[in-house]
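Two chains, two separate frames, one set of hints: put the complex together.
Residue numbers (the working numbering), protein chains in the order written: chain A, 98 to 591; chain B, 4 to 472.
Hints were generated in silico from the structure; no laboratory data involved.
Hints should not be assumed to be uniformly reliable.
[Said to hold, decoys possible] 27 Å max Cα-Cα, derived DSSO-like pairs, lysine-lysine:
1. B:Lys443 - B:Lys457
2. A:Lys544 - B:Lys443
3. A:Lys379 - A:Lys439
4. A:Lys544 - B:Lys416
5. A:Lys381 - A:Lys212
6. B:Lys198 - B:Lys349
7. A:Lys557 - A:Lys575
8. A:Lys324 - B:Lys349
9. B:Lys458 - B:Lys417
10. A:Lys544 - B:Lys458
11. B:Lys443 - B:Lys416
12. A:Lys296 - B:Lys268
13. A:Lys296 - A:Lys379
14. B:Lys382 - B:Lys268
15. B:Lys198 - B:Lys163
16. B:Lys443 - A:Lys548
17. B:Lys268 - A:Lys324
18. B:Lys458 - B:Lys349
19. A:Lys324 - A:Lys205
20. B:Lys457 - A:Lys544
Just so we're clear, the structure is a prediction, and the values are computed from it rather than from any experiment.
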Amino acid sequence: MRLKGELAVCLLIFLGIAAARIFMAFQAEGFSDDHAYAVLRQVEHISETGRLIGYDELSYGGRERVTAPLFPYLLAAFNLFLPLELVAKIVPNLLAAALSIIMFYLAKQISGSLKIMALSAIVVGSIPIFVAKTVNAVSVYTLVLPLIFFMIYCLLRMEQRRFIGYFMIAAFALALTSPAGFVVVLGLIFYLILVRLEKLDLTRQETELILFIVVLMAATEFIIYRKALALHSYAVIWQNVPFALLAEYFPGINLLQAIYQIGIIPFLGGVYIIHRRLASKKGKFAYLMMSFALAVGMLLWFSLIQLEAGLLLLGSILAALCIEFFSAFMRYLERTKVDAYKDWVLAGLGIIVIITSGMPALAFAGEELEQAPSRGEIAALEFLGTQPQGVVLATVREGNRIASIARKKNVIDDDFLLVRDSRDRIQDTRFVFTTFSETGALELLQKYDVKYIYISPRAKERYGIMKLAYLNEECFEKIYDAEVQIYRVRCTLE
Amino acid sequence: MNTSSPAFLKWIVIAALGILLTPGIIRLADRSDVLLGEEAYYHVRMAQEIAAGNIPEYDEMSYGGRPYLFNPYHLMLALLLPLGMPVAAFFLPLVLGMITLLCISRIGRLLGMERSMVYGAMLLLIISPVFISTFSTVNPASAFIAIVALAFLLFLGRGKLQFMFALLLFSVAVFFGLLEGLLIIMLILGYYLWKNDRRCFVVMLLIAAIAAIYDISSAVTLGIPQLPPKEASAGIISELGQAGGVSLFLLLLAGIGIIITWREKSRLWPIYVAIILLLATPHINRASSAYLLFFLVIFAAKAYNTIVHMRWEAPVVRKATITMIAIGLVFAAGLYLANAQQHIQKEVKQVLVQAQGLPGDTILSHGRYGFIIEEVARKKTVLDSNWAYAPNLRQRLDDVNQTLMSRNLVQVKKNLAKYDVDYILITPQMRQGLVWNREKQGLLFLLRNNETFKKVYQADGVELWEVIP
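If we strip away everything but chain B, and leave its shape as in the complex, we get (with noise of 0.2 Å):
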C-alpha cells in the first residue's frame, strides 16, 4: 500500500472510524447503559438543562452547589440530546474526531507538507490513546480541538469570509478555557513565525482580549481558583498509569523529532512552550493530555518519516526498528482498548438509580464517582473531578480523605455531619487501591459499627450505606 497516495487517507478514515466505535461496541457488549468517561456525566446533566430551557447560573448538585461555569460544548450536546442521550453521546465525540482528522489532513496538504508525513501523524493520532479517549466518550476537549482544526484550516483559506468564520470559531474556542486561550495564541504565533502572515496579529489580539475579558470578569465574580493538588492527576502518560493518555513510544518519536528539527528552534518555540505548559499543567486541566498529543505529533511524524525515509546500512536494523516502534504504538492503543470495560461499572449505576428515591440528598464517595451520582442519584456531592473554582477545594480533598481513610469514628463523624453527608458510595475499584489497600482500612473498619452506618443497597460488590446521625 501506497501511504502517499492520496488513497490511502479513505483507509486511514475507515481505520480511525473503527477504532473509534471499538470502545462503544465493547461497551454494548457489554450489556452496559453506562457512559464512557467518568466526566461524561456531568456534560450530559448541563446539557440536559441547556435543552430544557434554562442556562444555569448554579449548579447545586456539584460540592454541594457551585457557580455554574459555561463551557460552549453543553450547548452543542444540548442541540443534540433530542436524538436522545446515548445516540448523542455516542456519536457526537465520533463526528467531532472524524471533522479533526479531516481538517488536519486538509492543514497539513495547505502548509505544504509531504502527504506521507501527513498520512503518518494522521496514523500516529488514530492510534494513539489519548486520541480514541477524547473522540468516544464525551468531553469538551473533543470539541474544543475540532473547532480549533476547522478554525485553522478555514483561517489557511484565502477567502475573507473564510477568515470572518476562522475567527468567529476561534472566539468560541476560547470560552472553553484559559488554557485553551494560551494554546492557540501559541499555535498561531508558530504559524506566523513559519509563514509570516500578518492575520495572525489579529487573531492573536482577538483571542487574547476575549480571553481577558472573560476570565478577568470569571475571576472577578468567582475569585481565583484554588489548584488542585498534583497528586489529583495520574499524569500524561498513558503507560505510567493515566489511562488515555499519550503513549510513551509518540514521547520517545516526538523527542527523536525535535533533535530533529532543532535547528528550526527559532520558528518552533512557541510550539515548545505550548508543550512545556501541558505537560506542566495535568493536575489543573484535565484534557491536558489530549492537547500535548496534537502538539506532539507534529514532532513524532517528522521523526517516524525521517527513520522509514532515511538510507539505512543495514535493512534489516530498519526494519526490526520500524517494527518496534509499530509495536509499542499499536500495543498502547490496544491495551487502552483492552481496558475500555475498566469504565465505571454498570453495578454503579444501578445503586444509584435505587438510590433516587431515597430521603436525603449527599453522597459522598471517591471523586470519580462524583458526575455520575449527580446526574442518575440526583443527589449532591461532596467532592467530583471538576476543580474548577471547586467551594474550598482544597480543604474538602482532605476532609475526605481523612474520612476515607481514618478509623477514629468521632472524626469521621465529624467530618459526614460538616458536610451533610446521608450516604456513602463505595465501589470495588475503591476497595482494590483506589482508596483503600485491604480489607477493613480506614472507613471500611468503621462500617461495622451498625449504630452509624447501615447497608441500604448492594450489587456485585458496589454498596450504598446510610449515615445514621
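Okay, chain A solo, but in the shape it has when bound (with noise of 0.2 Å):
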C-alpha cells in the first residue's frame, strides 16, 4: 500500500514538473538557445539518413563536425512517431523531469520519509538556473543529470549486483551523452581522496567501478573526439571556443547571482550539511556529493566548465544534499515543542522552496524563453529560405537557427570545434557588423563568399548598432525589412 502511495507521489510530482515545463516550452515559438537548431539538425539528418552530420555542408560555409550520439538518437527515435517540433519540446522536458523521479528515490534511499522525498524531488524540479536553461532549449543536460543522479543512486545500492550492471550501463550512456561526465571521474577521484583522508570504508565495488569509469570516459571520449583532440590538443578542453568569446563562454563566478540561479533553500541547505559533515559527522552520501561540489567548483574555479553547465550541476549536488538537510531539520524538529506541527513547518518549508526557487525559476525562464526568435525573426528567416542558395552572415549565436530554419550556409555558428580559423571568423564578423569601411566590409564579405548580411535586434544589440554604417542599396539591395533586415551583397572587389 505505502508503494503504492510512493509510487502516486512520485508519479504526481514529475507530471506536475514535465507538464509545467512543457507548457512552458510552447510559450515561446523558437528555442532560447542558438545551439538547439544545430541538435535539430543532428535529430533530422538521422532521421533521414540514420547517421549524424559529419560533414556539415551549412556550418562554416562546410565544416567537418563532432557530436557526442547518445542525445541526439534519442530524439530521433522520438522522431519516428512524433514531428520534431513536439519531440523537441517534449522529450528533453520529460527527460528534465525524471530527475525528480531520481532524486525522490535517493531521497528514500537517504531518508526514508516520504515527505522528504516529495520535497526533495520538488527542490531539484525547481531549480531556478536548471528550468531556465532546459525548458527550451534542447539542452543535453536533461539527460546528462538525470543520468549522473542515476549513478550516484547505483553507487548507493551496490549491494545489489543489479545495479552494479545498472551503473555501467548509466556510465556507458552518460559518456555517449556528453563530455561533462568527466565530471563524474573527476567527482569519483576527489571522492577516493575524501574517503582515504577522513578513514572511511571504501568498499572494493567502489574502487572497481571508479576504475572502470576512469577507463570508459577516457576511451569513448577518445575515440568520439579523436579529431578534434588531434588538431586543437588542450584547447578541446574550452571546444575551442576563440579568446575574444572565452569570457562570454566561462565568465567569472558572481556568487550572489549564483545563490540567485541555483535557490536559496537549495543552497543554504548544501552549504549547511558540507559544514556539517565536515565539522563532525560523516557519510558516505555527502561525502560523495561533497566530492562532485567540490570537481564542478574546481572546474569553474578554473574556467573549465562553462558557467552555465557548472551551475546546473552544482545546483542539482546541492539539491541532492538538501535531503539531508530536511531529515537533520526532521529530527530537529522532534526533539522540540513543535514535533506536533513538524508537518505543518515541512508544508511551510515546501512553500518557501516555491517562492524562493520556483518563483525564480519562472521569472529566469520567462527570461531565457524571451531570447528565442520572435515569430518578426523566424518570418525573416524563412524568407531567407526562399532565396538562392548563398552564405549568411549572422551573428555567432544565431548562425545555427541560420542553418536550421533558412536552410543556408552561415559564416560562423558556437560550435567551434574542428574549426581552423574561429578567431579570424570572430574578428572578421564583428569587423563587418561594425566598420565604417565599405572596401574593408567588401573584402571580408568576399573572402567568405558572403551573399547576404542578416540583421537581427540581437546583432543591434551585440555590436552596439542601428545599422550598417556603409550601406548604399548599389553594393547592398535591402531584401527584406520588418524586424530583421536583410541584404543581398551585389559588388564585389576586382
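So, in C-alpha cells, the structure goes:
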C-alpha cells in the first residue's frame, strides 16, 4: 500500500513538473538557445539517413562536425512517431522531470520519509538555472543530469548486484552523451581521496567502479573526439572557443547571482550539510556529493566548464545534499516542542522553496524564453529560406538558426570544434558589423563568399549599432525589412 | 592463450613484425617511393655522404649551410646503403625494433620479473604509436634504444667480456646526444638503487666523462645551441596531435602504475627524473616521446598486470575495464597505422625531382619539408626540423613565419632576398592548417603578383613557385 502511495506521489510530482515545463516551452515559438537548432539538424539528419552529420555543408560554409551521439539518437527515436517540433519541446522536458524521480528515490535511500522524498523531488525540479536553461533549449543536460544522479543512486545501492550493471549502463550512456561525464570521473577521484583522508570504508566494488569509469570515459571520449583532440590539443577543454569569446562562454562567478540561480534553500541546505559533515559526522552520501561539488567548483574556478553547465551541476548537487538537510531538520523538530506541528513546518518549508526557487525559476525561464527568436525573426528566416543558396553573415549566436530554419550556409556558429579559423571569423564578423569602411567590409564579405547579411535586433544589441554604417543601394540590396533586415551583397572587389 | 607461457613470446614477435611492417606495406600499396618519416631524408643524405667516403664536417644544404654534428646512426645506415636505399630504410628500423624487443624480453627475465609482466610490457610497447613510428621509420632514436637495450642486456650478464662490450655500446650511445647520455645515467642509477651493483659506477663515470668531453667540445666549437620555441613541438601525446606519440591510455596506465609502486619511490626516483626530463623536452629533442615510452611502459605494465590479476568483487566490471583499456590502446595504434599514408605525399617528391635541374639553389617551405628538399631537390633550405646548433634559429623561425603569413609584399621580398630564396614549395598540407587556414591568407595572397612569383611546377596541389628578384 505504502509502495503504491509512494509511486503515486512520485508520478504526481513528475507529471506536475513535466507539465509545467512543457507548458512553458510552448510559450515560445522557437528555441531559447541557438545551439538547439544544431541539435535539431542532427536529429533530422539521423531521421533521414540514420547517421549523424559528419560533414556539415551549412555550418561555417562547410566543415566537419563532431557530436556525442546518444542525445540526438534518442530524440530521433521519438521523431519516428512524433513531429520534430513536438519531440524537441516535450522529450527534453520529460528527461529533465525524470531527475525529480531519481531524486525522490535517492531521498528514499537516505531518509525513508515520504515527505522528504517529495520535498527533495520538488526542490530539484525547481532549481532556477536548471529550469531556465533547459526548458526550451533542447539541452543535452536534460539527459546528463538524470544519468549522473542515477549513477549516484546505483553507487548507494551497490550491495545489490544488479545496480552494478545499471551503473555500468548509465556510465556508458553518459560517456556517449557528453564530455561533461568527466565531472563524474573527477568527482569520484575526489571521493576516493576524501574517503582516504577521513579513513572511511571504501568497498572494493566502489574502487573497481571508479577505475572502470575512468577508463570508460577516457576511451569513449578519445574515440568520439579523436579528430578534435588531434587538431586542437588541449584547447578542446575550452571547446576551441576563440579567445575573444572566452569571457562570454566562461565568465567569472558572481556569488549572489549564483545563489539566485541555484536557489536559496538548496544553497543554504547544501552548504549547511557540507559544514556539518566536515566538522563532525561522516556519511558516505554527503561525502560523495561533496566530492562532486568540489569537482564542479574546481572546474568552474579554473574556467574549465561553462558557467551555466557548472551551475546546473552544482545546483543539482546542492539540492541532493538538501535531502540530508531536510532529514536533519525533521530530526531536530522531533526534539522540540513543535514536533506536533512538524508537518505544517515542512509544508511551510515547501512554500519557502516554491517562493525562493519556483518563482525565480519562472522569472528566469521567462527571460530565457525571450531569447527565442520572435515570430518576426522566424518569418525573416523563412523568407531567407526562399532565396537562392548563398552564405549568410549573422552573429555567432544566430548561425545555427540560419542553417536550420533558412537552410543557408553561415559564416560562423557556436560550435567551434574542428574549425581552424574560428578566431579570424569572430573578428571578421565583428568588423563587418561595426566598420565604417565599405571596402574593408566588402573584402571580408568576399573572403567568406557572403551573399546575405542578416541584421537582427540581437545583432544590433551585440554590436551596439542601429544599422551598418556603409550601406548603399548599389552594393547592398535590402531584400527584407521588418523586425529583421536582410541585405543581398551585390558588389565584389576587383 | 597463456600469456605467461614462454611460447607466448613467439606470438608477440610475430605480432610486432606484422605491426612494424604495416606502415611500409601501406606505403607500397599507395605505390609511393617516399620514405616514411620526414627526417628519414636527412639521415639518408648524411649516410650517403659517409658511404661515398667522406665524413662531412659541414652541411651545405641545411639552413643554407651549417656545421654537421656526427651521429653514429649515419654510420650504421651508411653500412647498409650498398643494399639499396629503400631496402636499408625499410629493414634497418625493423631489425632494430626486433633487437629491442628481444633484449627487453631477456632483460625482464634477468631482472626476475614475472613473465606475464614482461610480455605485458612488450605487448604495450608494440601497440604504442610511438613504438610503431620509431621502428618503422629511419631515425636515430631507434638505434639508440636498440644499442642501450643490447648494452644493458650485456651489462646484466656476469662475464667480463660481456661487460666490456656493454661499456663499448654505452659509449657509442653517448654520441647520440646530451639528453641520451643523461638518460643512460638515470637508467643505470635506477638499476644501482635496485640491485646495488657497484659496476654501475664504472658505467656512469665512463658515460659522464665521454658526454662531458664530447658535449663541451661541441659547445666550444659550435657555441651554445639556441633552444627552439615550445610551439615547435606538437607535444608527446598521440591523441593530442603528436602523430606517433605516447598513447593517452599508456599514460593513464603508467599513472596508475606510479601510484601502485609509489612505496618504492626511494629506488625509482631516477626513473621519475628521466620521465620528468622527457616530458619537459619534446621541443628540444624529437625523440623524447620514443624514450619516454620505454620508461612509462615499466609502470604501465605493472598497472596492467595488477588490474588483470587483482581480486575483483564484480567480474563484469573487471571484464569491461580490461576491454576498455584494450580498446583504447589498440584504437590509438590503429589510428596511427590508418594515418600512415599521411606522411609526405609522393607528389612532393615528384615536384622536387623536377626542381633538381632548375637554376638557383635555395627553396623556402615549411620546416617539415626541409629534409626532403635537401635530399631530393639537392637545394638549400632556409630551415628544416634539425634544430640542434642551427644558425640563428629563432631569427630564421620568425623570418620564415613572417614571410609565409604576411601580405606585405615589400617585407616578404626583403625576407626572401635575405635568405637568397629562389623557389617556394607549397603543399596541400600547408594550405590546410600546417601554415594557412584559408585561401589567400598571407603569402597565398601575394602569389597573385606575377611580377614577383611565377609557378614553375604543379602536381596534385603541390606547387613550386619561382621568386623573380
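| query | So which of the earlier hints does this model not fit? | reply | 6, 14, 17, 19
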